[in-house]
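S.K.: Same order as they appear, the protein sequences are chains A and B. What the first sequence shows, in the numbering used here, is residues 1 to 557, in sequence order. What the second sequence shows, in the numbering used here, is residues 1 to 195, in sequence order.
One or more of the hints may lead you astray.
[Stated by the list, open to error] Derived contacts from chain A toward chain B, CB cut-off under 8 Å, selection only:
#, residue
1, Leu40
2, Leu48
3, Ala77
4, Asp79
5, Asp106
6, Asp212
7, Gln214
No wet-lab data here; the hints were simulated from the structure. All values reported here derive from a predicted model rather than from experimental measurement. Just so you know, even glycine gets a beta-carbon here, dropped at the ideal spot from N, CA and C.
What follows is the residue order along each chain.
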Amino acid sequence: MNPACPPDDQLLALATDEPGSDAVCEHIDQCADCRMRVKLLRGEIAELRSLSGPHTVSLPKTVIAGSPTASLPSGTAIDRYHIVGDLGSGGQADVYRVIDPELHRDLVLKLSHRQSAEGDQFRDALLAEARLLAGLDHPGLVRVFNVGLYEGRPYLVLDHVPGRNLEQTFTGKSTSVREAARLIAEVARVVAYAHRHGVVHGDITPRNILIDSQNHPRLIDFGLSKFENAWGESRGPRGGTPEFLPPEIVADAGLPPNSGPAGDVFGLGATLYWLLAGQPPFAASTALGAIARARRCDIDFDALKRSGVPARVERICRQALAAHPHDRPTAEALADALERASRSWITRRRAFGGLATILAIVALFSIWSEITEQPPPPPASVVHSIPKLTIDGTRNISNVVPLRTGDRIAVSCNISQGEQAIMVWFNAAGQLKQFSPVRDVAANIDRMVYPAPHEEIPLTAPEGTDMIFFCRGQPISESDLNACFPVGDPPPPLPAHNYLELLRGEVTLQGPHDKLASRSEFNPAETMMKNINRSLMKHFQSVTGIAFPHRRADESD
Amino acid sequence: MPDTRVSLIERVRNQDDSVAWAEFFAIYRPLLVAYVRHRGVSEHDAADVVQEVFSRLVPALANFQFDQQRGRFRSWLWRVTHNALADWGRRRGTRDRAERAWVDQRPVVEESESDVAWDELYRRRILEVVTERVRATTQPVTWACFEGRILAGRPAAQIAAETGVSVNAVYVNASRLLSRIREECESFQEPLSVS
């Protein structure tokens, strides 16, 4: 450190994401040592924040119902589970993607916002219920592996099922009646299994049914909606989703607060109706409107006729959606009826093609590049402003790595008007491919996208490590471009849950740090990326890039 | 540093130093309780297991060689705790599934072994002790600057307005306490920086 270097307190502003003085910023731009010091300070602060504050070893637990909690950073350990991604936060619980280092398996952890004290009856009931769930084992359920308390907050550990829910899968798309009947029959079997074990779901909607990679439905959030105060997302009065609510739930007083088995059957019928008619049974523009319709059990069954649903299937749907709980069939009987209907119907309409697309997580890939001509701000203040790979347009790449063959990807890069950029994909086999992204002037962001606005391309074999670069500037000749890459040399492997980001000449490891990834695991890939960047910068104004692990669709992490 | 944690452990080895022992106990007991609870031992039994650990620590410390290697005491203490836990589990037979799994899982404890949960709890506890120590010996305004800016991430300008110092002073105070905490952590062989 030379005498011109500022003391720690002057670097602290940058390390905590506040603007530093001009002199310090100017110095930082010139001084690699000080950049390293800022990085170390950041590391220390992150460590202090993750290990101190409310998360203490000896502090007595206090009840803070529904208190807002900051989401935990990747790498945080919740007991033996390591957070590798933030899957979002519901009204009452945070959902993380975690790995269990002992089992090397991908899991989902739901951490309740509600902190509770020892001896809290609510907590005991919650844990007891969760343990009951952990005892359920059916291929149509998402397995509950563990239940516990973290800093007084109950958590659940569930199987990670990559897939999309029915709502994401079928919104705006037509389903064949046969496919709808098959899906609901399968879910009804799962529900019947749970009912036999004394567990009621309480909120069956298209959102709570996932389609897994084998195209089978999985019922999620099972039985937990009963404890919506701890786990669920409040989506309406007394939980439940208004447009799918059984009438008895919204009827006037004198009814139990929670839906019984017949309520689940109604949910199955409502989901079937949604698949067939393309709208929820109590579709309305407001939640109150939906509730008003639910109260009257005002369902437009003609919509089924208009959609060409066979009378037999319509009848089954009507029975499941009966206004009075005791008029509805059991889940088992509903499954039987649907299966009989599809069998008889297949023999008559053999030509009807089923929708059997294998659905994978849609990953929208977004790389941003510098768009201004001004000198870059100091590194410390930009780190948080870089959106990364997103899933469904909102989530972070750390939730989706490792990407898998078949995952769908869209790449985008912010750019100034009139500027050009090329996209270069250096795939896992060390092959180079150049793409021309399309300009997408959406909202107030001018950006280049690939393959096209609102479109994605599937990730294809080979598997390994893929690198994608966005290079801003005039296109260069193929031979010049080839010379920038170690063509034929596959990029070195990356840890499953990490990725590398290249921004403004710096390559940084993203995802869980230190604890899960040792330097030697990503060093070779990092070096390759740096070398490529160095070569590309001879031709382009700026280069941004990303290197991510890419696995086979059926490969476990 | 006259009173490093290294010297605390040296003092604990001298079994007559009851002040050192009390301090040692105060620092490590909550950690041990949290850890054995984490391993599935009931609250009621945890006190027994921890008692057992401490009774082993007294003679074991005599043979412990403190050196400057990071995390050395952490893994040593883990080993003592684990052996105590495993023995306790064996003594209790196979009454409880968690204990049974525990005994089956770790018949022999290797020199280099440790576990992530322990490391996390240990570091958390040391940081807690260190932070509390620094807080207790700091002027409230200085502490408010550090806590607000570093731990809570609140805007420096806001903290400056509340405490009546300049924004610069907020950073100077925060930086000073950060460096004290860094030193204290070092004295436990647990550098603040994880890299």
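S.K.: Run every hint past the structure and note whether it holds.
M.R.: Here's how the hints hold up against the structure:
1. Leu40: holds (6 Å)
2. Leu48: At about 6 Å, which falls below the 8 Å cut-off, the nearest Cβ of chain B leaves the hint on Leu48/A intact, so it holds.
3. Ala77: Status holds, d = 5 Å.
4. Asp79: With Cβ-Cβ at 6 Å, under 8 Å, it holds.
5. Asp106: violated (17 Å)
6. Asp212: This interface hint is violated because 29 Å lies over the 8 Å limit.
7. Gln214: Nearest chain B Cβ about 31 Å off; hint violated.
Hints 5, 6, 7 from the list above are not met by this structure, while the remaining hints are.
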